Amino acid sequence: MHIPDGYLSPQTCAVMGAAMVPVLYKSVKEVNKELDKKDIPTMAIGSAFSFTVMMFNVPIPGGTTAHAIGSTLLAIVLGPWAAVISVTVALIIQALLFGDGGVLALGANTFNMAFLAPFVGYGVYKLMMRLKLKKVLSSAIGAYAGINAAAFATAVELGIQPMLFHTATGKALYFPYELNISIPAMMFAHLTVAGFVEAIVTALVIYYLEKVEEDNILYQYSYRLRGEKR
Amino acid sequence: MKKLYIIALIIILLTPLGLLASGSAWGEWSLDEVKEMIGYVPEGMSKFAELVKGILPDYSIPGFDANFFQQAIGYVFSAVIGIAAILITFAILGRVMGRVKKKNG
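The listed protein sequences derive, respectively, from chains L and R.
Using the numbering used here, read the first sequence as starting at 1 and increasing by one per residue.
Using the numbering used here, read the second sequence as starting at 1 and increasing by one per residue.
The set of hints was computed from the structure by calculation and includes no laboratory data.
Here the structure is a predicted model, which means the values were calculated and not measured.
We put the beta carbon where it would ideally sit given N, CA and C, even for glycine.
Don't take every hint at face value.
Claimed, not checked - BS3-like cross-link-like pairs, simulated, lysine-lysine; straight-line CA separation at most 30 Å:
1) L:K171 with R:K47
2) L:K37 with L:K211
3) L:K38 with R:K3
4) L:K37 with R:K3
5) L:K134 with L:K33
6) R:K2 with L:K37
7) L:K135 with R:K47
What the hints assert, rightly or not - Partial list, derived from the structure: chain R residues whose beta carbon lies under 8 Å from chain L:
8) E28
9) E36
10) A66
Produce the complete structure using the sequences and hints provided.
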């Protein structure tokens, strides 16, 4: 789901980057309001977890691969605004150190994976909780929705490129496949495999965090799950 | 507490499992792969592609990726470097972010 450089036109990159500016601004403000300084290390653990989870490529039928993100998990544990920052940092490190995802494409990639995914996932999780589903199940359903929302946005951003940017003879300048190919391909990978991986990873960690004892470092960070306010 | 570090270590050591899935992710092809698929490399794509290659491109140590064992070492090494970079980033962010808790005795 990490769009490389050259796949999106500079115009698209600029629009997505501009969209992320207010999101990041609001995220920092909300974190400053909601989280104590000593909670910032949890955001670091969450970011590192997301980074590592994204390294576990899973095979998709047809010879491609995909991976989980952990966005919804972070949104549930840290709150969605803190999740934005945590996943954004992971994506920046991936782009700069490992060439995974473009640097110009960071706006688009953070919009999809660090903004859409955690917020859609968190929203669906909240909805499921309201429908009286158990926390672990709600988190799994939220995670499935969150990663698929990100996959869909990625497919749209890629798929509009050949329509908007082509040479006089109709050759693509950037990403060459249109929406009728990009959406089915991205959604197939994430609806059938990656979505379930994301759901299972999220549910397992939420299950573990709910059981964590007071002597565990994660206890003080899982207060949201126990419904405690600070 | 100790258990948590052990879990983290196990997860990091297991990352090479992610190398077993063959092929690129859909929409993350190299220029060569794109050329193979559609017969040409889009002009803009070749202009901006690989703008930043990274120090450890594709989570591998350059020149040390001849076999799966080397790739696995590079992958685990990349995980460690990436996590370290994230922790350093948050150590800096922690200085400017987060609410300072009021003294409550």
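Hints versus structure:
1. Restraint check: the Cα-Cα separation between L:K171 and R:K47 comes to about 15 Å, which is no more than 30 Å; the hinted pair holds.
2. Of the pairs offered as hints, the one joining L:K37 and L:K211 holds, with about 25 Å between alpha carbons and a cut-off of 30 Å not exceeded.
3. With a CA separation close to 22 Å, the supplied pair L:K38 and R:K3 stays within the 30 Å bound.
4. Between L:K37 and R:K3 the alpha-carbon distance is near 25 Å, which keeps this suggested pair within the 30 Å criterion.
5. The suggested pairing of L:K134 with L:K33 holds, with an alpha-carbon distance near 29 Å, which does not exceed 30 Å.
6. The hinted pair formed by R:K2 and L:K37 meets the criterion: a straight-line CA distance of about 24 Å does not exceed 30 Å.
7. Only pairs whose Cα atoms come within 30 Å are accepted, and L:K135 paired with R:K47 is rejected, the gap being roughly 48 Å.
8. At its closest, the beta carbon of R:E28 sits 6 Å from a beta carbon of chain L; the interface hint therefore holds under the 8 Å criterion.
9. Checking R:E36 against chain L: minimum C-beta separation of about 12 Å lies over 8 Å; hint violated.
10. Using the Cβ-Cβ criterion of 8 Å, the hint placing R:A66 at the interface with chain L is not satisfied: the shortest such distance is roughly 19 Å.
Of the hints listed earlier, those the structure fails to meet are numbers 7, 9, 10, in rising order.
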